[in-house]
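S.K.: Line by line, the protein sequences are chains A and B. Taken in order, the first sequence gives residues 1 to 296; the numbers are from the working numbering. Taken in order, the second sequence gives residues 1 to 390; the numbers are from the working numbering.
Don't read these hints as lab results, they were simulated from the structure. There's no promise every hint is true.
[As the list claims (entries may be wrong)] What follows is a set of in silico ranges between Cβ atoms, one per label pair, in the way DEER data are often shown:
hint, chain 1, residue 1, chain 2, residue 2, range
1, B, Asp191, A, Ser8, 46 to 52 Å
2, A, Arg171, B, Trp120, 34 to 40 Å
3, A, Pro7, B, Ser121, 39 to 45 Å
4, B, Tyr201, A, Leu254, 46 to 52 Å
5, A, Gln275, B, Trp120, 49 to 55 Å
6, B, Pro195, A, Ser296, 56 to 62 Å
7, A, Pro215, B, Met221, 38 to 44 Å
Cβ coordinates follow ideal geometry from the N, Cα and C atoms, glycine included.
For reference, the chains in residue letters:
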Amino acid sequence: MKNFTLPSEELMGSGHLGCQGCGGALAMRYALKAAGDNTIVVIPACCWTIIAGPFPYTSLKVPVLHTAFETAAVAASGVRAALDIQGNTETTVLAWAGDGGTFDIGLQSLSGAAERNENIIYICYDNEAYMNTGIQRSGATPYLAWTTTTPEKTPKAEPKKDIMAIMIAHRIPYAATATIAHPDDFIRKVQKAKSIYGTKFLHVLAPCPPGWKAPSEWAVKLSRLAVQTRVFPLYEVEDGERYILNEPKEDRALPVSEYLKLQGRFSHLTEKDIQAIQDLIDKRWQRLMRQVRESS
Amino acid sequence: MTPTLTGTKKVVTGNHAVSYGAMLARVQVISAYPITPQTQIVELLSEMCANGTLRAKFIKVESEHSAMAALIGAASAGARAFTATSAHGLALMHEMLHWAAGARLPIVMADVNRAMGPPWSVWTDQNDSLSQRDVGWMQVYCESNQEVLDTVIQAYKVAEKVLMPAMLVLDAFVLSHTAEQIEIPNQTLVDQYLPPYQPVYKLDVNDPRSFGALAPPDVYMELRYKMHQAMEEALTEWAKADEEYYELFGRRYGLIEPYRADDADLILVTSGTVTSTAREVIDELRAEGRRVGLLKIRVLRPFPAQLVREALADAQKVAVIDRNISFGMGGIFAQEIKSALYNTHDRPPIFGFVAGLGGRDITPKVIQEIIEYTESHDEPEDLIWVGVKR
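Looking at chain B on its own, in the form it has when it is part of the complex (with noise of 0.2 Å):
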């Protein structure tokens, strides 16, 4: 469907289009810490609400640990809350993100991916947010600022209805610090979109209750089931919201999304920016008429395990590149897919591939020399490091 109310069409870096997304979404409390590469989406926000664009409260706190706990106090008295961080930024808030989720809190928060210390580095891997993988936060990983913008925004639309976390993520530089075009969405669409945040239960002196007292174990393995359905029930409201997006924007980008992969005997599973290179090769290797294929993970949690056991079903072999390593296992996307296909029948062997991390750049070469790898060899490996000097 064509839409309706047309956007405009603006040149911004993937981190302001985090910004615009907030924006978009009418945050009420943002609290945040500057940490590179994150800062410019706080910087812009701050702008916002300092010129009035955006009606919110700004907490300029003294720690990502305050910031999480900040919009924790904030979601619990009824706000739409906001943050965005950064590798040590988000590794700091660990606890709070355990508090967010298991609060049923429907915070929005970016990640801007980058690499943990030591040492330092500010360029791009994915173990910060990978790191975070158990703590009860939907986890949606982008390609373009487009997709980056979209997100937070749908992100609300399904953290509220689910009441679970999300985090958007997206690539250090690759992403943050790299402009392209993208439309900004009409505000009156998006507040049809999203419509303001009405919890059930909030802080209220009207109607006073305990959030978060002690729960002894007759029922606290309950609260755990019912925030596992939820992120089962978010699998479908995820794609509802995507579809729902579709119509009045015109933008979808599905739980995964295969990408020539139909008659494919090869599929290289990818996540982030790294897809936008591999869509690259694929084409190149389908013009010389070689059987290859792509599956891009946008949402990681809830995995998305139906899908993606139906996206690899009939290929031949698997190749996941993991910008990411588990050390003394490998990379963290390979697991989780060998994990979602162990229980089928016809499974393809899957070869898990770990390169780029830290920023080291993944060309249209590597991911060649990735293809090449998986199909010179018969026998799947775990874990194959490449392009690591030795």
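For reference, chain A alone in the conformation it holds in the complex (with noise of 0.2 Å):
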């Protein structure tokens, strides 16, 4: 990070209602210093529901449209057609969903709005599970990880299913992964999105310290350490075919335990189980090089 100024332009309020170190607020609030006040964010159900605040209070200083779980793609495609049609083709419509809202539940207007290619930036913030309800696990929680419906004798038993692989294959003009560890980067990230005519993806790891049984303080710590231990690698995707690696860039990552190690919802851990998941991320992070290689 050289020479890096965050944007001072603040449009989220210090009286909204996430919890303590949520990784989603953090996540909102450089999303707006990128996005700028000529923004119009769209939220379905998720934890943002709440951390918005209740009525007549906003915590936002942009217009937001709240809507059903699984529609927040397409009533971001709704806001944008009658802005179009009344001549507004300045104002960024930003869609800001959880990963229920994305990998689950709307998945199927996501992939309808990419399909058509809506001319919206689409962020899922992802906490890995069912935050807003209590924990309960979703398509994005990890392998073995425990949720309040996959209890320690029962793990989730899936990998994380991998949704940037699932946008990239509608071959959206950009899909990139971000953490609130890298602002520069995650701001970079929104402002090119908004540069770009068509639908843009941003996959941003957005810790839970109440979910993932950790510190209040470590939301940024972790997110630093899902990158440096390939767990969530930093990139970009364009036209569905160019990878571009941001980060980490060392060739040696660190062991994925250095990561596990800090979360109560995978203190059940055996060896042999972090062995497994350390087996899948390296698995995943080979895919990636190679990707990164062809497209380069």
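Make one complex out of these two single chains by using the hints.
M.R.: Next comes the structure, spelled out in structure tokens:
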């Protein structure tokens, strides 16, 4: 991070209702700093339904449309169409959804919007479970993680759904991953998304201290470790084919255990479990490296 | 009053009458998903968008649920929004129908009445629309292709006045695929009748607001009260919109329409295309000197209870034909009418007939049988199945 200045504009108020150390709250703050005040935010059911504040309050200084769980991308498409027909092609329409609303219940309408290449930015802040309803497993919950519906005796048996691969397969003009530990990278990506016509998808890791069973001051630390352990590499994909790796650049990654051991949701793991997760991470990383090589 | 600017006569199907209505209403955002027997509505609208007849954005979504969600986004951002659907498509929209009404968005939709599966059926009955009776949408049941077109335009007028969404309903095939000559009103006159949609509040970066945020118990109930008040107000607004329409175009329909009912001992109650068949039967029986009349229910939500009470006040007997069934209770229009009349003093006995489900024809003979059954029985019955093979 060299000579990076965070945009001073604050479009999110401090009186929001996020939990202490909420990764999703910080993610919104950065996203709006990048998107600017000429932005309309569309929020389906997710933690941000609460964080944004109850009637008559709002924690955002831009217009917000709350909508049903599975409709972020398509409600945003409708807003876009209405603005366009009224001659406003400048305002950014930002769909802002959690992992449940993206990986699971909202995937159909997201796929539809991506297939139509709707001119919207879609950001999924991924806290890896249904956190707003009290930590139930989602398609984004990692392999072997504890949640209230995947108790320790039967932790999640399936690996996390590869949402980036799904979105890239739609050949949308821009897809990228980001974290709150890399605000320069995050903000650059939102600004880049803003400059491109069509459907832009950002997958943002959003640590949830209560759900991940970690101290509230560790959201940024966990985000950084997720990148350093290659659990959540930072990369961009243009037009569904040009892969660009941002982080980590090092040849040797930290072992995944460095990331897992800080979180209570993984406290039941055996050495064998941790190795199985490491193998998954290594395999995914090798595939990503192949994709980066092939497109350069 | 005679119209000053005449329209164009054209032979069109009920489906295309909807499309022309939407075109004349200058809808700005359309979002739809194909379903029989609705599809022709959005096909023609697609052509209109493609050839520039209609300046609108058409979002071709991947489901009806998304169609309504897209319109909720569009209407929240200030656009006049339209869709059409049928049966399972309408059922899939259910969650978003609540959302559109709760958000007070004046979206207009055409529902082509089609029976619900299983077993699969594409033919008409009212169970699809009546399953959405309580979501907060106005519901208007149409009898003819002309009424269909006129109702699209009237629906926007009322919806944008009271800020509640409106659904116009037409029978599958009997109207949707049947062509008849109608008048396509003059656009200048329609523009005069229906000015552009100008919402007081919308998604606007220069006036940022939050729409649909969590409402605690201390405010939620008031918002629901206001929705009900808006529906009450809509009773007056439908009447006004209908009269204003008559002034400009020479046609009006009423919220209900009594037909030869003034001195009738027996009044038949119908909705949709059954009404046209019933008119013929009433005329024949009147020619024989029998005192029978008809009451067409056009607007079901808001329910014009007072008008219905007045229309049925002097009847000795009432026979309601329901092309729908609430399993375990009976016909839904019959329930509505009984409910409206219960607190009046001299209420007539009400016979509830269920007929024509899944598109089975309701012929003049069927209607005559219904009338004869009612005339020959003294004690009213809540549910009489017509022509069912047991």
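S.K.: Quick one: are A:Pro215 and B:Met221 within 38 to 44 Å, going by C-beta?
M.R.: With a Cβ separation near 41 Å, A:Pro215 and B:Met221 satisfy 38 to 44 Å, so the hint holds.
S.K.: Do the beta carbons of B:Asp191 and A:Ser8 sit within 46 to 52 Å of each other?
M.R.: holds, 48 Å
S.K.: Cβ-Cβ distance between B:Pro195 and A:Ser296: within 56 to 62 Å?
M.R.: holds, 57 Å
S.K.: At the C-beta level, are A:Gln275 and B:Trp120 separated by a distance inside 49 to 55 Å?
M.R.: About 52 Å separates the Cβ atoms of A:Gln275 and B:Trp120, which means 49 to 55 Å holds.
S.K.: Check the following: the C-beta atoms of B:Tyr201 and A:Leu254 are separated by a distance inside 46 to 52 Å.
M.R.: Given range 46 to 52 Å: holds, Cβ gap about 51 Å.
S.K.: Regarding A:Arg171 and B:Trp120, is the given constraint of 34 to 40 Å on their beta-carbon distance met?
M.R.: holds, 36 Å
S.K.: A range of 39 to 45 Å was offered for this pair. Does it hold for the Cβ distance of A:Pro7 and B:Ser121?
M.R.: violated, 58 Å
In summary, the structure is inconsistent with hint 3 from the numbered list given earlier, while agreeing with all the others.
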